[in-house]
Amino acid sequence: MEHPHIPLDQLKAQVSVCRGCTLADGRTNVVFGAGDPQARVLIVGEAPGKNEDLQGQPFVGAAGKYLSELLALAGLSRDEVFIANVLKCRPPGNRDPRPEEIQACSPFLREQTRTINPQVIITLGNFSTKFILKTEQGITRLRGRAYQAGKFTVFPVYHPAAAIYDRSKREVLEGDFAEIGRLLKTLPPRA
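The opening position of the sequence shown corresponds to residue 1 in this note's numbering, with each subsequent residue numbered one higher.
Since the hints were made in silico from the structure, they are not lab data.
Mixed in with the good hints there might be a few duds.
25 Å max Cα-Cα, derived DSS-like pairs, lysine-lysine [unchecked claim]:
no., residue 1, residue 2
1, Lys169, Lys130
2, Lys151, Lys185
3, Lys50, Lys151
4, Lys134, Lys151
5, Lys134, Lys65
6, Lys65, Lys50
7, Lys12, Lys50
8, Lys130, Lys50
9, Lys169, Lys151
10, Lys169, Lys12
Note that this is a predicted model, so its numbers are computed, not measured.
Given these sequences and hints, build the entire structure.
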């Protein structure tokens with residue numbers, strides 16, 4: 001029997017006191033996520049960076065500004081989506097998430113996904129794509145196409161930060177978000 005969804009405000013309260021891994025020791029703020037709690041689109045990144053940790057909000061730096069521009073290419077705005085990360089606390093020096101950190105934090109993302117119940121999940125980069133699609137294949141091979149993961153349509157793309165550091169990825173990423181816009185037009189409206 002399926003358990004009832006935990007309202008996002010209650011889940012956020014649970015996350016704010018989490019000590020499930022050592023990342024809790026170095027955080028300034030938990031970065032739970034932000035946006036429309038009934039969004040059609042859930043965006044999943046890997047982990048908060050320095051600015052996100054300081055402000056307690058996802059995607060607030062240069063990558064966040066670029067993400068807003070990418071969303072516009074898909075016909076979306078930040079207030080129409082929900083943005084979350086696999087990890088809710090910043091890894092030191094923005095290093096890659098470790099398997100034990102992902103394992104400790106994953107119940108929160110799973111519950112966010114159940115509660116928001118999006119039609120489409122956009123995964124940004126390797127870690128969120130591998131987690132959501134339960135695969136070891138990398139983002140370069142998977143990006144730019146829609147996949148089914150249970151009842152969710154999952155669309156992996158490069159992380160916006162990757163396109164800031166490697167300008168050759170910009171055109172690809174912008175094309176992927178335009179494709180997401182086309183995909184969203186083919187889906188039935190939510191009941």
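(request) Taking the numbered hints from earlier one at a time, note which ones the structure violates and give those numbers from smallest to largest. (result) Hints 3, 5, 9, 10 contradicted; others consistent.
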